[in-house]
Amino acid sequence: MDETSQPTTELTEALDHQAHGEHSNVFPPFDTEHFASQILWLAISFGLLYYLVSKVALPRIAGILEDRHDRIAWDRSEAERLKQESDDAVAAYERALAEAREKAHAIAKETTDKLSADVAAKRAVVEADLAGKLAAAEERIGTIKAEALAEVGAIASETTSAIVSTLVDIDVAKDEIDGAVAAARAS
Amino acid sequence: MATADRVDPVHQFIVNDLVPLGRIADMKLAFQNSSLFMFVAVAIIVGLLLLGTSSRKLVPGRVQSVVELLYEFIAGTVRQVLGEEGMRFFPFVFSLFTFILTLNLLGMVPYFFTVTSQIVVTASLALLVIGVVIVVGFVKNGVGFLKLFVPHGVPIVLLPLISVIEFISFFARPVSLSLRLFGNMLAGHIVLKVFAGFIGTLGAFGFFGAIGAIAPFLMTVAITALEFLVSFLQAFVFAVLTCVYLKDALHPHH
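Each protein sequence line maps, in turn, to chains B and D. The first sequence maps to residues 1 to 187 in this note's numbering. The second sequence maps to residues 1001 to 1254 in this note's numbering.
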């Protein structure tokens, strides 16, 4: 302000005051000559601080804290949602598992039943078949046996005729041999 | 300024003009050492706040943690005393607290000037607080703000007396507010200087003097620690009392 117009006087004045201040007997904090400047600079500096703090710094910090608060709230709700989802999935899985198990049981039972019925039926058929074959075989054996038995007489006659002719070298009439064989068999 | 100045415990409070600015209506104006430290404090506070918020990290680093801690500490105090509606005074209380705290702590650095040991500074701040209280009180409650001086349930006979007492107590607030801070900082620094001076004085008396200097040395260490506590405490007290007085402005009914 006036500084440029009368620099020398200002300087000497200031030096004067400084010297005066150094040696004055007033307790420095109560030295009223510095009050005006101190109030002036306090007003400017505190005003500046208040302006910067309220307009710049605190909104920034509040923004950061709010961001974090929002983010935490969002994360929590998201975690809650995911947990719900996974719980649901687990429940669904359990349900599906139980259903599948039940189904498997049913299928296994059904299959077993079907198979055993099948087997039983097949066995019955096979058994019937076998029984039929057995009966036929027995019947055949019976006929063969009967036939064989029926032919025994003829074989014996022939054998006898052969033996007799070999031993005594006579031809015996077939009727006689047959009669003798029949008599021998009958005894 | 040789030995005499070193032991003089008052020398540290002398205000020096760094840049004389002239006179207005017989008042000397100058940029002084106290002015310098006021701006240093503002620079430190704003610098710290901006540095701490520059990265805007979700998970805070060191500086950001300090800044957030400071913010939440004062916000918590304001909210506790004034409630949610008082949060518009938060920047004011925050500025006051950080300004006083930083000035107090700067004063703890050797050879630095303690701005808060100047009665004119503390008184100006206290008057600012009371001024804000009065303005806010009248703007918010109109004439109802005067109910502050008329407590409820007081017999009509005692009312004049009580009102006078309330009135005096209200205007004693800036006095006590400013003197508390001023006195604490001034006394602390004088005591520190006196004890520190003893060390030098006793130490000059040879061997036994040096042994005797151990006691004031320990005292100086202890008082330095105490002064750091006082620096914080006085800033906090100033901020809390500001909140309490502002509460009267918002709710003048006792």
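To be clear, the hints were calculated from the coordinates, so they are not data collected in a lab. Remember, it's a predicted structure, so these values are computed and weren't measured experimentally. Ideal placement from N, C-alpha and C gives every residue a C-beta, glycine not left out. Some hints could be false.
Chain B stretches covered by chain D per the calculated footprint, using a threshold of three residues with CB under 8 Å from any CB of chain D [as the list claims (entries may be wrong)]:
id	segment
1	31-37
2	48-61
Listed below are the simulated DSSO-like cross-link pairs for lysine-lysine, each with C-alpha atoms no more than 27 Å apart in a straight line [claimed, not checked]:
id	chain 1	residue 1	chain 2	residue 2
3	D	1057	B	55
4	B	145	B	174
5	B	55	D	1147
6	B	114	B	103
7	B	109	B	122
8	B	122	B	133
9	D	1057	D	1147
10	B	133	B	145
11	B	114	D	1140
Problem set entry | Hint consistency between residue 122/B and residue 133/B [alpha-carbon to alpha-carbon, up to 27 Å] | 16 Å, holds
Problem set entry | Hinted pair residue 1057/D and residue 1147/D, Cα distance within 27 Å | 48 Å, violated
Problem set entry | Pair hint outcome, residue 109/B versus residue 122/B [Cα-Cα no greater than 27 Å] | 19 Å, holds
Exercise. Are the Cα atoms of residue 1057/D and residue 55/B separated by 27 Å or less?
Worked result: 20 Å, holds
For this session: For the pair we were handed, residue 114/B and residue 103/B, check the Cα-Cα distance against 27 Å.
Result: 16 Å, holds
Problem set entry | Straight-line alpha-carbon gap residue 114/B to residue 1140/D, limit 27 Å | 92 Å, violated
Problem set entry | Coverage assertion for the segment 48-61 of chain B with respect to chain D, Cβ distance below 8 Å, three residues required | This one holds; 11 residues, not fewer than the three required, reach chain D with a Cβ under 8 Å.
Problem set entry | Within 8 Å of chain D's CB atoms, at least three CB atoms from the segment 31-37 of chain B: coverage verdict | That given contact holds, which follows from 6 residues of the segment 31-37 of chain B lying within Cβ reach (below 8 Å) of chain D.
Problem set entry | Given pair status - residue 145/B, residue 133/B, alpha carbons within 27 Å | With Cα atoms ~17 Å apart, residue 133/B and residue 145/B stay inside 27 Å; holds.
Exercise. Given the hinted pair residue 145/B and residue 174/B, is their alpha-carbon gap at most 27 Å?
Worked result: Between residue 145/B and residue 174/B the Cα gap is close to 25 Å, so the pair holds against 27 Å.
Exercise. Does residue 1147/D lie within 27 Å of residue 55/B when you go C-alpha to C-alpha?
Worked result: 34 Å, violated
In this structure, the hints that do not hold are numbers 5, 9 and 11, in rising order.
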